[in-house]
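Protein chains: 2
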Amino acid sequence: VFDRVGILGVGLIGGSVACAARKYKLCREIVGIDQDRNNLLAAVESGVIDIALEDVRQIDGTFDLVLLATPVGSMGELLVNLKRNWSSSTVYSDSGSTKLNVIRAAKLVFGRMPANFVPGHPIAGSEQSGVAAASPHLYQNKRVILTPVAETDRKAVALVEEFWQKMGARVSIMEPAHHDDIFAATSHLPHVVAFSLVDMLGRKDEKDEILKYAAGGFKDFTRLASSDPKMWLDICLANRERIMSLIEDFRKELTLINEILDRNEADKLFAIFQSAKTARQRFLEQYELE
Amino acid sequence: VFDRVGILGVGLIGGSVACAARKYKLCREIVGIDQDRNNLLAAVESGVIDIALEDVRQIDGTFDLVLLATPVGSMGELLVNLKRNWSSSTVYSDSGSTKLNVIRAAKLVFGRMPANFVPGHPIAGSEQSGVAAASPHLYQNKRVILTPVAETDRKAVALVEEFWQKMGARVSIMEPAHHDDIFAATSHLPHVVAFSLVDMLGRKDEKDEILKYAAGGFKDFTRLASSDPKMWLDICLANRERIMSLIEDFRKELTLINEILDRNEADKLFAIFQSAKTARQRFLEQYELE
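Chains as they are written, first to last, in this note's numbering: chain A, 992 to 1281; chain B, 992 to 1281.
Isolated chain A (complex conformation):
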């Protein structure tokens, strides 16, 4: 598909794109940039990327595709540095977990949304991070959401779509604001809840015992809460209005649960638990249908 591909941020996400692009022969050469020198060195040594560059301003029109795969808080700065040699013959995309703030940053840097910048979000990852966790299979059967705006070039969207599809992903197109609504609920709130709960229980006097006996319940929360704190900080700040509103909804839900417990209203509590179980069953059915 492409000759030269540039990956800005060769962590789990960017590194896995590099591995998959290599595996599926989607380009001739993969160039990587990463602030973490050890991580970048590891990416070269393990053959995940062909060439490491020092400076984002070296990314020019010799690239066919450039993927911004850094925490969403750094996209603005990255775009400022890319602007210097920004090329209309290159297609740019990103892998940020929030989309409105990336579009906002691009508009701020360029005065308008560049037609050849396709905002995207691969729904993949794990609590692991860094190039060492990268895998060519990370995107196999995973969803990727592209959120082009009115100004976005349709050919650029088609190229990015094809790139992800060839790595095994299933691509959807979505409005950026709608994307941020959905992921505030399905991803951001659950992570904030997990971080908060683990932080709270981890500060209790009995924290060692709580960890020791963390079987089914708390253990799953600690796994979620072991995700990269910097990445999640950026996501929370980027999508904070929506997350705050959901946290407020959730606080009200917990108030309701406590009222129900206080009044010993078994039927109401059972109905909530039952409805949650039903939602899970809908999820499994939907998942299996696809």
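It is possible that some hints are incorrect.
Given that identical chains are not distinguished, each listed pair holds provided it fits within a single copy or across any two copies.
Stated by the list, open to error - Below, computed lysine-lysine pairings styled on DSS-like, alpha-carbon distance capped at 30 Å:
#1 Lys1098 x Lys1221
#2 Lys1243 x Lys1210
#3 Lys1203 x Lys1133
#4 Lys1146 x Lys1014
#5 Lys1259 x Lys1203
#6 Lys1195 x Lys1133
#7 Lys1014 x Lys1203
If you're looking for bench data, these hints aren't it; they were derived computationally from the structure. Just so you know, these numbers come straight off a predicted model, no measurement behind them.
Chain A is already provided as a structure; the job is to place chain B on it using the hints.
Structure of chain B alone, referenced to chain A:
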């Protein structure tokens, strides 16, 4: 170890005890009772139990060990029915996830805590339920907590301890109130939080999309929330004061998070996420040491 073992409630927990007792040759005969006739029939047909009885009042002094493995809310009624043929030569134990309420129920039925009733709690299970999910390996390397009281016969405790150890479990002794404190934090609160979050998001207009894109975050919550609603209703009512107090703590933690987001205090948010990640690391270290 034993001749006849009675299992009251042949679900995931009781059924797995039956399978493990058979596998490790811990008794000659396994007798089961279950309110769900289909489940009981399946337990006989699959050879998990040898004999199915209709009525708890048939459990008499011919049994060496009787395990109460029903939801904690039904223990009182079960003890009332067992009382008729209660035998001092039999050892009784239970597998309830809360301990104070089981002890309270026993004291209510017998006027005091019977010396041959050893309250216990195996820390094992899954979101699966019923005898079909039973496995002889469920307790392998899992923890079992026994919470004897002052009146409890030490020989009975030793017998129950040996029984679990031979099924591969690691047994600890704990004060009943302390047990209920620890498990309110490590198990009950996380489950209530998962049920509440899944219920809340499952009622939103975008619920189908939220489920569709439920990758890392929400998916883990739906798994926890697919646990048996009746079992969790009983646990919540049995340990409700402690759970209510932790829910209140957690509501305050969420208020704090929202204040931090509102003020854009990146450092404070990062510190919370970082501390949660550290707690996870402590968990992994402790887990691997053992």
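Taking the hints in turn, this is what the structure says about them:
1. Proximity of Lys1098 to Lys1221 under the C-alpha cut-off of 30 Å is restricted to the intra-copy arrangement: shortest distance 24 Å within a copy versus 53 Å between copies.
2. Taking CA atoms no more than 30 Å apart as the test, Lys1243 paired with Lys1210 passes in both settings, with 25 Å inside one copy and 22 Å between copies.
3. Taking identical chains as interchangeable, the C-alpha atoms of Lys1203 and Lys1133 lie at most 30 Å apart only when they sit on different chains, with a minimum of 11 Å there against 34 Å within one chain.
4. Taking the closest pair of Cα atoms, Lys1146 and Lys1014 come within 30 Å of each other only inside a single copy of the chain (24 Å); across copies the shortest separation is 64 Å, beyond that limit.
5. Only between protomers do Lys1259 and Lys1203 lie at most 30 Å apart by alpha-carbon distance; the minimum there is 27 Å, versus 32 Å within a single protomer.
6. Proximity of Lys1195 to Lys1133 under the C-alpha cut-off of 30 Å is restricted to the inter-copy arrangement: shortest distance 24 Å between copies versus 38 Å within a copy.
7. Taking the shortest alpha-carbon separations for Lys1014 and Lys1203, only the inter-copy value of 28 Å comes in at or below 30 Å, while the best intra-copy value is 42 Å.
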